[in-house]
Each structure stands twice: as C-alpha cells, then as structure tokens.
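Enquirer: Quick mapping for you: the protein sequence lines, in order, are chains L and R. Numbering of the first sequence is given in UniProt numbering, commencing with residue 1 and proceeding in unit increments. Numbering of the second sequence is given in UniProt numbering, commencing with residue 1 and proceeding in unit increments.
Calculated directly from the structure, the hints in this document are not laboratory data. These numbers come from a predicted model, not from an experiment. Incorrect hints may have been included.
Which copy? The list can't say, so a pair holds if one copy fits it or any two copies do.
[To be verified] EDC-like, lysine to aspartate or glutamate: derived pairs with alpha carbons at most 16 angstroms apart: (1) Lys16 with Glu41; (2) Lys404 with Glu197; (3) Lys164 with Asp387.
Number of protein chains: 2
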Amino acid sequence: MKFSYISHLHCPKCQKRFSAGGKHQLCECGSPLLVNYDLKEIGKVLKPKDLLTRNTDLWRYHELLPVQNKENVVTLGEGMTPLLPMKQIGADMDISNLLMKDEGIIPTGTFKARGAAVGVSMAKELGIQELAMPTNGNAGASWALYAARGGINSTIVMPVDAPKITRNECAIAGADLHLVNGLISDAGKIISQTVKEYALFDVSTLKEPYRIEGKKTMGYEIAEQLGWKVPDVILYPTGGGVGLIGIYKALKELQTLGWIAEDKLPRLVAVQAEGCAPIVKAWKENKMESEFWVDSETIAFGVNVPKALGDFLVLQSLYETNGCAIAIDDETILEEQRKIARMEGTFICPEGASTFSAARRLREENWIKANEVVIALNTGAGLKYPDTSSFETPVMEPGESLTKNVSNNTFREGR
Amino acid sequence: MKFSYISHLHCPKCQKRFSAGGKHQLCECGSPLLVNYDLKEIGKVLKPKDLLTRNTDLWRYHELLPVQNKENVVTLGEGMTPLLPMKQIGADMDISNLLMKDEGIIPTGTFKARGAAVGVSMAKELGIQELAMPTNGNAGASWALYAARGGINSTIVMPVDAPKITRNECAIAGADLHLVNGLISDAGKIISQTVKEYALFDVSTLKEPYRIEGKKTMGYEIAEQLGWKVPDVILYPTGGGVGLIGIYKALKELQTLGWIAEDKLPRLVAVQAEGCAPIVKAWKENKMESEFWVDSETIAFGVNVPKALGDFLVLQSLYETNGCAIAIDDETILEEQRKIARMEGTFICPEGASTFSAARRLREENWIKANEVVIALNTGAGLKYPDTSSFETPVMEPGESLTKNVSNNTFREGR
Numbered sequence: 001m002k003f004s005y006i007s008h009l010h011c012p013k014c015q016k017r018f019s020a021g022g023k024h025q026l027c028e029c030g031s032p033l034l035v036n037y038d039l040k041e042i043g044k045v046l047k048p049k050d051l052l053t054r055n056t057d058l059w060r061y062h063e064l065l066p067v068q069n070k071e072n073v074v075t076l077g078e079g080m081t082p083l084l085p086m087k088q089i090g091a092d093m094d095i096s097n098l099l100m101k102d103e104g105i106i107p108t109g110t111f112k113a114r115g116a117a118v119g120v121s122m123a124k125e126l127g128i129q130e131l132a133m134p135t136n137g138n139a140g141a142s143w144a145l146y147a148a149r150g151g152i153n154s155t156i157v158m159p160v161d162a163p164k165i166t167r168n169e170c171a172i173a174g175a176d177l178h179l180v181n182g183l184i185s186d187a188g189k190i191i192s193q194t195v196k197e198y199a200l201f202d203v204s205t206l207k208e209p210y211r212i213e214g215k216k217t218m219g220y221e222i223a224e225q226l227g228w229k230v231p232d233v234i235l236y237p238t239g240g241g242v243g244l245i246g247i248y249k250a251l252k253e254l255q256t257l258g259w260i261a262e263d264k265l266p267r268l269v270a271v272q273a274e275g276c277a278p279i280v281k282a283w284k285e286n287k288m289e290s291e292f293w294v295d296s297e298t299i300a301f302g303v304n305v306p307k308a309l310g311d312f313l314v315l316q317s318l319y320e321t322n323g324c325a326i327a328i329d330d331e332t333i334l335e336e337q338r339k340i341a342r343m344e345g346t347f348i349c350p351e352g353a354s355t356f357s358a359a360r361r362l363r364e365e366n367w368i369k370a371n372e373v374v375i376a377l378n379t380g381a382g383l384k385y386p387d388t389s390s391f392e393t394p395v396m397e398p399g400e401s402l403t404k405n406v407s408n409n410t411f412r413e414g415r
Numbered sequence: 001m002k003f004s005y006i007s008h009l010h011c012p013k014c015q016k017r018f019s020a021g022g023k024h025q026l027c028e029c030g031s032p033l034l035v036n037y038d039l040k041e042i043g044k045v046l047k048p049k050d051l052l053t054r055n056t057d058l059w060r061y062h063e064l065l066p067v068q069n070k071e072n073v074v075t076l077g078e079g080m081t082p083l084l085p086m087k088q089i090g091a092d093m094d095i096s097n098l099l100m101k102d103e104g105i106i107p108t109g110t111f112k113a114r115g116a117a118v119g120v121s122m123a124k125e126l127g128i129q130e131l132a133m134p135t136n137g138n139a140g141a142s143w144a145l146y147a148a149r150g151g152i153n154s155t156i157v158m159p160v161d162a163p164k165i166t167r168n169e170c171a172i173a174g175a176d177l178h179l180v181n182g183l184i185s186d187a188g189k190i191i192s193q194t195v196k197e198y199a200l201f202d203v204s205t206l207k208e209p210y211r212i213e214g215k216k217t218m219g220y221e222i223a224e225q226l227g228w229k230v231p232d233v234i235l236y237p238t239g240g241g242v243g244l245i246g247i248y249k250a251l252k253e254l255q256t257l258g259w260i261a262e263d264k265l266p267r268l269v270a271v272q273a274e275g276c277a278p279i280v281k282a283w284k285e286n287k288m289e290s291e292f293w294v295d296s297e298t299i300a301f302g303v304n305v306p307k308a309l310g311d312f313l314v315l316q317s318l319y320e321t322n323g324c325a326i327a328i329d330d331e332t333i334l335e336e337q338r339k340i341a342r343m344e345g346t347f348i349c350p351e352g353a354s355t356f357s358a359a360r361r362l363r364e365e366n367w368i369k370a371n372e373v374v375i376a377l378n379t380g381a382g383l384k385y386p387d388t389s390s391f392e393t394p395v396m397e398p399g400e401s402l403t404k405n406v407s408n409n410t411f412r413e414g415r
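Given the sequences, and given the hints that come with them, work out the whole structure.
Expert: Take a look at the structure:
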C-alpha cells in the first residue's frame, strides 16, 4: 500500500504531461499544472468506510494527495472543519437546508492552512530550503507558519494595508517579511524578481501545483460529511479561486472513484465583491477568461484579486456545473456578517459573509429553490479581521449599577 | 439508550446532594457544585470503540455530559482539537515526547468554547432566557456567541482593558455588553447586582455547574487521542482553574469506567504568571485554599484571576496527582511564545506559551524526566492577542528590489 497514488501532472491548457516528483512551477504555456492520481488503484485499496476510523485531519485522504513519503507531512492538525446547520439565517432567507462549512476552525484561522499544509509538505519532500510568495495576508501567514514547522525558510511580501495580524503571524514565524507600499500585484513583481535572483521556490497562487491539492480536500470533506452525497449548491468567495477549482477537481475524482453519484454535481457559485468582480463580468459575458479589474477595492481583503491565474479553470467549473457568478457590495456583506453572528453565533470573515448574501439573492431570484441543500463556504474566522466591525460600548465606573433597557436590548453599532 | 446518564449533583465541600435538572448555582455553603453520572450504566452501554465512528466534536461523549435532550445541544462544532507532537521545541528543552493540545483550533478561538457549549446547552434545557457574566474577555466572547446560537440573551461586563477583539465578539453576537473602568472583580460585583435585580441566570466561573462539564472533555480527548493511555504530565495555564478541575474529574471518571488504568494519573501542573500566582503560593505553603492576590498583573490576561472560586479543587487535583504549581514571568512567556512559533509554526496565546516555559523549567529541575510523555495545554489562538507581539517590518516602494541578508534572516522585534 502506497501512501500516495499520484501518477503524474498535466497542463489543463496545452495537455502537456509532467512526471510526479519534480520542482514544477507553471507549464511552459503559462498555465498552472494539475495533479493526477491512479484512481483505479485507489478504488481497489480504499473504501469510504476505511476513512471512518482515520485521523480527523485532511491527511485522512493521503492516497489522494501528492506527498509520497509520510515522513514529509507537515501538519498542524488542519481539516475536517465543522459543517454547521444554519437554521435561523436559513429560515430568514427561506432556504431550509442551509449549511456552513466553517474554515475558520483550522490552524492559522483560514482555509489557507489547507494549501499551505500540502504545499509545504511537498516543498519538504522536494528538498526546498526557502520559498517565497506575495500575499494579501492570510496565505502568507499560513505558509510562513507551516514553513517554520517544516524547517523551511520563507520570504513574504505583502501590501502595507494587509491585516496587521497576518503581518504578526509571518513575523513571529520567523519569515523574511517585507511590506510594499502598493497592491498585491506590486508584491508579486518584487517576489518574481527575488525568486530569480536568490533561486527561491515560488509558491505564489497556482504557480506551484500542490496548494490546490490541499484546498480540494474541502470537497472531499463536504461529500463525506453529507454521507457521500453532494449538495445542490456550493457558494464560494472567489479571489484566486483555488478553493473552487479544488472542490470541482475533488468532486470529479470522487465521481470517478464511484464514491458519489455520477449524474449530479453541485452547482458551483463564485461570489465576488462589487469592487473586484472580474469573474462575474467574464461569466456574464460568457467568456472563458477574465480581464484585469482596474482599481479594485473591497473590505473583503481576501477576494481582492483583480486577475486570477486560474480564472479559466474557475469559469470552466461554473459552466460545467450550471453554476453562476455574483457580486455583493461591501455594505451588504458587513450587514450580513452581523446578522449571521446574532442569529447563529458564528463570527465569520467578510468573505464568508458574502456567500450568505449571495445565497439570499439567488433565493430571491429563485435560482436556489427553498428545499435545496445549500453550502456556504466560510473561508476564515472573523477574528482575523478585528477592524471590520466596531461598536460603541458604554463604560461604567466600578460600583455603578447596570441599567438594562430590555425593550432596546440590541447592540450599538458604530464605524 | 439515554442521551445523558447524569444522576445528580453534589457539593464537594459539604457533600450535600442535588437533583439533576434544576437551575443550580452555588451550594448554600458557597462551594461550586459537581455533576455525577451513572458510570455503571454507561460502562454497560458504551465502549471506547463505539466512539470511533462518532462526530468529531465534544458531543461524542454525550452520555458523560449533562444535557438530557439532544434537541437542546447548542454546538458550533467544538472539540477534538489537535494533539500535536512538538518535536523541535521538545528537543530544545530535552523532552522527547512533548505534545501540545491545541485549543486554539476551536470556535471562538479559545477553550472557553467548551464550557460555553455545554453551559449554554444546559441553559437552553433549563428554559433560561437570559444569562449574565463578568469576563476578562474570552469567556464572555464564547458565551455571548453560543448564547446567540441558542436564542438566549446575554449580559456581559468586562474590563475596559480586556482584548478589544473579545469586545467585538460580544457586540456582534448581540450581547448587552458593558465595560467597566476597573478589574474583573469590579465587573463581577456589577453582575452580581444585575443578576438579582433582573432575575438573570448567573454563569460566572463555577457559579453554574455545567461549564466544568464542557471543559472536562479535554481530559477525555487527551486519553482517547493517546489510545486510552494517560500522559505522565499535563501542564495547564491556571486562572479560574476550571479546565484543570475538569481534566482531573474526567480522568477519575475514565478510571471508574475502566477505560484507563486505575493505578496512574498524570501529574497535573498549574502554571501561573508571576504577577498573579495565588495557587502557586498556596501550593508552596501546602495549603488547601488560596489567598486573594493583590494588584495582580500579567500580559497573560486569561490567567489574571486573583482568587479562584474553585481554588480548593485545583489544589486538591495537584496534591492527589503528585503534581505541582509554578509561576512564570511575562518576559519569559513572550520569549517562549516566539520560540514556539519559529520552531513549530504554531502561533499560540501567552497563557499557552507559559506551559512550555514551565515544562522547560521543570525539566531543568529534573521534575520532568527526559522520556516522559508531557502535554502542554494551549488554551487559545495567538490571533486573539494581536498586541502581545509587535514587529518592525521594512516597507518597500513598488518596483524596488528586495535585498535578502541571508546571514541575518531572523525576524526583527520591537515592542
């Protein structure tokens, strides 16, 4: 029994084939690479019920992951995040089977941990000593921390405006951290140059093929947590889109394995912010690629990606599942975030909240039916964005009496 | 098959017995109450292997929890947090089997979620409409969010100096939040009065008996994750001490059930901050209760508890397991926190870091042997304390070249 049944890699654009085990970055044609497995063999040696007694992290699916030597696994216990029924907010938007996949309950507080866990493990397996990446914050934090655990150095460049907490995470992990007085695209240019100059391994989004393999485990988990059924709809906050590409890839793999039915995939929904919606624009125009979104801006920092390298794969997953793309404005996102906290007790990130706003709107348009099983994917904990909500709270002196105004027992908002 | 095998409650001080299912607070004698179960019956209907296929949250132990009607369970998917090998930092302090129970990977980002999940579920079962508590931040945040999920109102009072993020969590959950220009003891006095005036349910630490039942599941999980063996030592950052009392209670229950050996319990270690070490002082003087610690101060906000209601139970657990108590200064804690992040890739809270410093010192004193199995309990994510670490990071302009100083590739600290 092998630990991994990786067979090879291939380019989804020009179909060129690559061997497993190399220090792959992009294809010569500029496309990201995808990893293939010997699914026929896996089908013989592994059954869904075998998973029941395995560890509750994403390595439970190790046959379907690229790491070949178990010793190279770098883990902080990531995966098998809760799939929570959201009954109150579901009722509020007339969706009776609304669930949230809560990726805030994971090391480093965001779903970036999945990509970092598998990506860094592969970097270790490939003997890489230092990796480098630009980031809007969360990915850099995850990769810096996992790299530290794997004994690998990291160089990270992020915009000065990125959330301060992610800066602290990189710094405390011992990363060689630099800020740039600009956008992630400026950070990306600096990294490209640094990678060449110092011969570092470039782990920018989709420039190495293994991050997507970590992210795809969200798809496996959703299917497993639903008893090897798929939902009707999955809504995903889309920046680089790696998670959506990954979920789609995972579901196709599960179909091939025969673990889920072959005749139905969930309709995938790419949710973006109105201030940065290149995928939505491309989808509306029925295009296969997106255009660079000029002057992008949104409080949902993680989806502020003006042009994603894997846009064509994201769009393909929408077209092939009869999904759609939809943009939400910042004010609506923040209002939804507060509503979710009050109704469900979950303090989620703005990106996650946007998927609920999208579900609400798609239900209004009857694109989502009232009794469909709908999964909103929350990509991170609200804790990582302490400044998106701010409240005025009364201050008392010791010994003072508290006056409860029962009729007005709502929270006080401020900005 | 019953959902819970709760039998009754009892007072550990005066031994008075109370029936299950009432709105219990403290015993007439002033002591917290403990919950009892029909362990003989549980032993008949439940075996350790039955747990293998259950959900990976703390409700997998529902027979050993007080909620009698499954419908009343209020959950965000809390529990079964990672038990991580800490090889690098372990080697650094010459402990070959050092593990960390990482309670940062849980809803609301701290172990307070466990107490809140079970406490709020019981509040729901008891028909309580509004609960109230003073807090240093994290407990209030957890209870406010779980209460929101359970459809229960909450009144929270916290010091103005409590971490701002916990304030936001309470506010966004819709709690009736008030700040006090003082300490948690001042908040406590305000809550005591408010509870009387408005007939609210007082969920202050140990004033209701169910929070401890949630916390004890850490003990079950540690035993289950070690294959129903116990470690040699468990180090716990001790403020109110509920987790330590809970872990001790859980291990005793597992002994009675015969799920772990009867002849050995781990030596429990209460770790405190030098600026607030009442338990350490009492333990050194071999006393059964602690004295109020005047002018307490520490950056480890969660353990700033000058006098714990359950101090006698904490001390009892130390004496009966041949454990000990030890205090660590703030500077050492912060240095350890950074070391752990660099060596292990885990960004943990200062309270959690203090348990590593304690392990290091106890190893130096040979109180811990080099080959013993040692568990450091991290009570929360470093994310919740963004201001305990601060770093000076170079800022570049777009288009600038990054200069790597490989020989000096360490992080830049500032305060």
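Enquirer: Within a copy, between copies, both or neither: where do Lys404 and Glu197 come within 16 angstroms Cα-Cα?
Expert: between (63 angstroms within a copy, 10 angstroms between copies)
Enquirer: Checking an output row: Lys164 and Asp387, CA cutoff 16 angstroms. Within, between, both or neither?
Expert: Both. Shortest intra-copy (10 angstroms) and inter-copy (10 angstroms) distances satisfy the 16 angstroms Cα cut-off.
Enquirer: Could you place Lys16 and Glu41 in one of the four classes (within, between, both, neither) given a Cα distance threshold of 16 angstroms?
Expert: So Lys16 and Glu41 fail the 16 angstroms test inside a copy (23 angstroms) and across (63 angstroms) alike.
In this structure, only the earlier hint numbered 1 is contradicted, and the remaining ones agree with it.
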